[in-house]
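*Asks:* Single-letter residue listing:
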Amino acid sequence: MTAASRPARGDRGDGAGDRVAGAGDRGYPHGGGRDGASPPPADASPAHAAVELCGIRLRHPIVNASGTFDAIAARRVFGDELVTRFPFSAFVSKTVTLAPRQGNAPPRLWELPAGLINSIGLPNRGLDGYIEHDLPELARLPVPLIVNVMGFHRDEVVRLVSELSARDEVAALELNVSCPNVETGLVMGADPGETARLLDAVRPLTDKPLIVKLTPNASDVPAVALAAQRAGADAVSLINTLRGMALHPATGRPWLGGRTGGVSGPSVRAIALAQVDAVRAAVDIPIVAMGGVSSGRHALDLIRAGATLVAVGTESFRDPAAGERIAAELAAEQARVAPPRGRRDAG
Amino acid sequence: MTASSPATGAADRVRAPFGVRTAPVTARDVHGAYTVLACADPTGPRPCAGQFYMLAAAARWGAGEDERPYLPRALSVLRAPEGGELRFLIEDVGPGTERLCELGPGDALSLVGPLGVGFREPRDGRRAVLAGGGVGIAPLAILSDQLRAHTTVLLGFRDGAHAAGAELFPGARVATDDGAAGHRGPVTDLLAQELDADPLAEVYACGPPPMLEAVRALCELRGVPAQLALESGMACGFGACFGCVVPTRDGYVRLCVDGPVLDAGRLQTALVPGAGH
Ligand SMILES: Cc1cc2nc3c(=O)[nH]c(=O)nc-3n(C[C@H](O)[C@H](O)[C@H](O)COP(=O)(O)OP(=O)(O)OC[C@H]3O[C@@H](n4cnc5c(N)ncnc54)[C@H](O)[C@@H]3O)c2cc1C
Ligand SMILES: Cc1cc2nc3c(=O)[nH]c(=O)nc-3n(C[C@H](O)[C@H](O)[C@H](O)COP(=O)(O)O)c2cc1C
Ligand code: FES
Numbered sequence: 001m002t003a004a005s006r007p008a009r010g011d012r013g014d015g016a017g018d019r020v021a022g023a024g025d026r027g028y029p030h031g032g033g034r035d036g037a038s039p040p041p042a043d044a045s046p047a048h049a050a051v052e053l054c055g056i057r058l059r060h061p062i063v064n065a066s067g068t069f070d071a072i073a074a075r076r077v078f079g080d081e082l083v084t085r086f087p088f089s090a091f092v093s094k095t096v097t098l099a100p101r102q103g104n105a106p107p108r109l110w111e112l113p114a115g116l117i118n119s120i121g122l123p124n125r126g127l128d129g130y131i132e133h134d135l136p137e138l139a140r141l142p143v144p145l146i147v148n149v150m151g152f153h154r155d156e157v158v159r160l161v162s163e164l165s166a167r168d169e170v171a172a173l174e175l176n177v178s179c180p181n182v183e184t185g186l187v188m189g190a191d192p193g194e195t196a197r198l199l200d201a202v203r204p205l206t207d208k209p210l211i212v213k214l215t216p217n218a219s220d221v222p223a224v225a226l227a228a229q230r231a232g233a234d235a236v237s238l239i240n241t242l243r244g245m246a247l248h249p250a251t252g253r254p255w256l257g258g259r260t261g262g263v264s265g266p267s268v269r270a271i272a273l274a275q276v277d278a279v280r281a282a283v284d285i286p287i288v289a290m291g292g293v294s295s296g297r298h299a300l301d302l303i304r305a306g307a308t309l310v311a312v313g314t315e316s317f318r319d320p321a322a323g324e325r326i327a328a329e330l331a332a333e334q335a336r337v338a339p340p341r342g343r344r345d346a347g
Numbered sequence: 001m002t003a004s005s006p007a008t009g010a011a012d013r014v015r016a017p018f019g020v021r022t023a024p025v026t027a028r029d030v031h032g033a034y035t036v037l038a039c040a041d042p043t044g045p046r047p048c049a050g051q052f053y054m055l056a057a058a059a060r061w062g063a064g065e066d067e068r069p070y071l072p073r074a075l076s077v078l079r080a081p082e083g084g085e086l087r088f089l090i091e092d093v094g095p096g097t098e099r100l101c102e103l104g105p106g107d108a109l110s111l112v113g114p115l116g117v118g119f120r121e122p123r124d125g126r127r128a129v130l131a132g133g134g135v136g137i138a139p140l141a142i143l144s145d146q147l148r149a150h151t152t153v154l155l156g157f158r159d160g161a162h163a164a165g166a167e168l169f170p171g172a173r174v175a176t177d178d179g180a181a182g183h184r185g186p187v188t189d190l191l192a193q194e195l196d197a198d199p200l201a202e203v204y205a206c207g208p209p210p211m212l213e214a215v216r217a218l219c220e221l222r223g224v225p226a227q228l229a230l231e232s233g234m235a236c237g238f239g240a241c242f243g244c245v246v247p248t249r250d251g252y253v254r255l256c257v258d259g260p261v262l263d264a265g266r267l268q269t270a271l272v273p274g275a276g277h
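In order, the protein sequences belong to chains B and Y.
Residue numbers are given in the numbering used here: position 8 of the first sequence equals residue 8, and the series is strictly consecutive.
Residue numbers are given in the numbering used here: position 13 of the second sequence equals residue 13, and the series is strictly consecutive.
Since the hints were made in silico from the structure, they are not lab data.
Ideal placement from N, C-alpha and C gives every residue a C-beta, glycine not left out.
Among the hints, erroneous ones may be present.
What the hints assert, rightly or not - Label-pair restraints from in silico Cβ distances:
1. Glu-102/Y x Gly-252/B: 28 to 36 Å
2. Gly-185/Y x Gly-79/B: 44 to 52 Å
3. Asp-284/B x Gly-83/Y: 53 to 61 Å
4. Pro-210/Y x Gly-252/B: 18 to 26 Å
5. Asp-92/Y x Leu-247/B: 21 to 29 Å
6. Arg-304/B x Asp-29/Y: 48 to 56 Å
7. Asp-80/B x Arg-266/Y: 28 to 36 Å
8. Gly-79/B x Thr-26/Y: 24 to 32 Å
9. Arg-125/B x Asp-159/Y: 41 to 49 Å
10. His-248/B x Asp-196/Y: 33 to 41 Å
To be verified - Some chain Y residues well away from chain B (every beta-carbon gap over 12 Å; in silico):
11. Arg-28
12. Arg-127
13. His-183
Please take these sequences and the hints and turn them into a complete structure.
*Replies:* In structure tokens, the structure reads:
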């Protein structure tokens, strides 16, 4: 099956979300501009480069990284402005597991020089809770919905994929393979064979695009990407967080409730670029790239390395509207440079 | 949301404009160990008592101790006078607060807010008793401004330098650990006296985790309702990261969107892992 054979999705992306502010209106220190609270006129920025991922049409190449933006909570905090200025061209859910999860004991965060270690532990309502509570609200966003799922057992992933792919609200699925298979003890995404067996089980269950989110904590990431492509993945996304640790300054014991956590933010940007470059050399399917992106320039780098879409994660914590600024900065960068070699159609 | 009406008379959550905005610093005052920063936020809404902002210096945020800060810092609003001014009370405890305390007129803040759920009006005509510890006195200033009825304010500090924070609360009763000002001992001594005199009260408290836990236990014992403004490590302040959770009787809640003010009855303990310094 090829991605191109699917009908185009994402028509909802043409709606209210079209108004995008220019690069100069955000006050963040490492952001674009210095001044001003009021958004600039809607057409102050260069036209966005529309893109397509596996047949899903998107208004621009910037999406959120899974687990770094809760559109439902943000709607409560920012009201309708979140929807009329939705910063991303698609919304990626936080990882959904079959059973509900509380997540790890606090503390869950440790700040790094230019980054963060998190040990959140994938809290979520579980598949049924997600479908009942979250899906109806997320379906009202002005952009297509990509649902990120993870299972501790192949059968769990099978149920997640089959139930979610039956939902019209869902445009695509992202498989988070950064967790151990309880049967084999192997991290699914750290081993090409495990990854292939997982895809063999779920690929036949859905016509929707399947994006495999690779873990950077693997000895041969391009080999895993290639195994995913051969087993029918439509795209790969990378990088997830890198394992890291911090000790309590006073007691010397692990600070994080989960003992170790995942490192994200600008401190992983160079690693993300190298892994995207290596994966691009190994596979032909589209890449959703992420890791430390905090400006349009960083997004352009990943696109030049071969990415179709770029996800913004930790930077949204510093500015909830970072995605909007980065999309505008990227459009300005792309208008300045020749068309990047990495932007290509799906499939 | 609970049945009782909020302290502001309108809502206990005022929505924030989407995204970071820049607010020029208009004044800086020092009160002993604390710095009060005022900034102009003419386009932002007026916050409720108990809400907070995520703040960063608009320039040179980073390269302090341990090459931090990187993320913005959560600060309660101290006062929000009419005309779009916001005031914050800051104690320098690390690289982020150190940088914020350096700022003055000519500098600017990057801010997101107001965030979180603030205090609610006392239930059943109870009188409000406000108890603050250390820098936790901050949200009680805007609360005492906004509560229409007469309120009692009790403040606890570790020493005389910190007790200078009481200058912001004319008429407050003060306790210090070392006896440098007011009653010698914890602020909960004063709270117990107040509740002995008139138990028909609702307690509003903010302070370090051990103080909040003492307030929670005292109020539970006496059956007095209490609203506690808690603290936990925050990365985003708008519900995005799930990093700020505190344990409640119904599981973890994100303090930035379900708090920072929580009804004491929801808590088994106010001792939040990783909070405080
Ligand atoms: C809702 C809310 C309201 C608040 N209101 C106020 C207020 O009005 N005024 C005020 O002064 N403060 C307030 N605070 C506390 C304030 O946010 C913290 O003091 C501030 O974030 C500390 O940052 P720092 O860089 O100065 O110190 P940090 O070095 O971050 O130290 C603070 C504490 O965090 C821990 N820590 C140390 N290193 C790290 C690290 N690398 N990563 C994570 N944690 C670490 C330690 O426990 C340390 O003692 C509030 C907090 C919350 C959640
Ligand atoms: C607080 C936090 C929570 C995250 N939760 C998830 C998650 O639930 N599922 C997932 O696949 N990735 C999760 N991630 C990883 C991000 O999606 C992303 O891969 C990583 O943070 C790198 O991007 P960044 O540097 O831009 O943040 C999380 C990251 C952070 C910081
Ligand atoms: S601080 Fe990020 S969810 Fe509360």
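*Asks:* Give a verdict on every hint.
*Replies:* How the hints compare with the structure:
1. Glu-102/Y x Gly-252/B: 28 to 36 Å: holds, 31 Å
2. Gly-185/Y x Gly-79/B: 44 to 52 Å: Between Gly-185/Y and Gly-79/B, where Cβ atoms are some 45 Å apart, the hint holds.
3. Asp-284/B x Gly-83/Y: 53 to 61 Å: The hinted range 53 to 61 Å holds for Asp-284/B and Gly-83/Y, with Cβ atoms some 60 Å apart.
4. Pro-210/Y x Gly-252/B: 18 to 26 Å: Because 22 Å falls inside the window, the suggested range holds.
5. Asp-92/Y x Leu-247/B: 21 to 29 Å: Given about 23 Å between the Cβ atoms, the range holds.
6. Arg-304/B x Asp-29/Y: 48 to 56 Å: holds, 50 Å
7. Asp-80/B x Arg-266/Y: 28 to 36 Å: holds, 29 Å
8. Gly-79/B x Thr-26/Y: 24 to 32 Å: holds, 27 Å
9. Arg-125/B x Asp-159/Y: 41 to 49 Å: holds, 47 Å
10. His-248/B x Asp-196/Y: 33 to 41 Å: holds, 39 Å
11. Arg-28: holds, 19 Å
12. Arg-127: The claim stands: Arg-127/Y keeps its Cβ more than 12 Å from every Cβ of chain B (closest is about 31 Å).
13. His-183: holds, 30 Å
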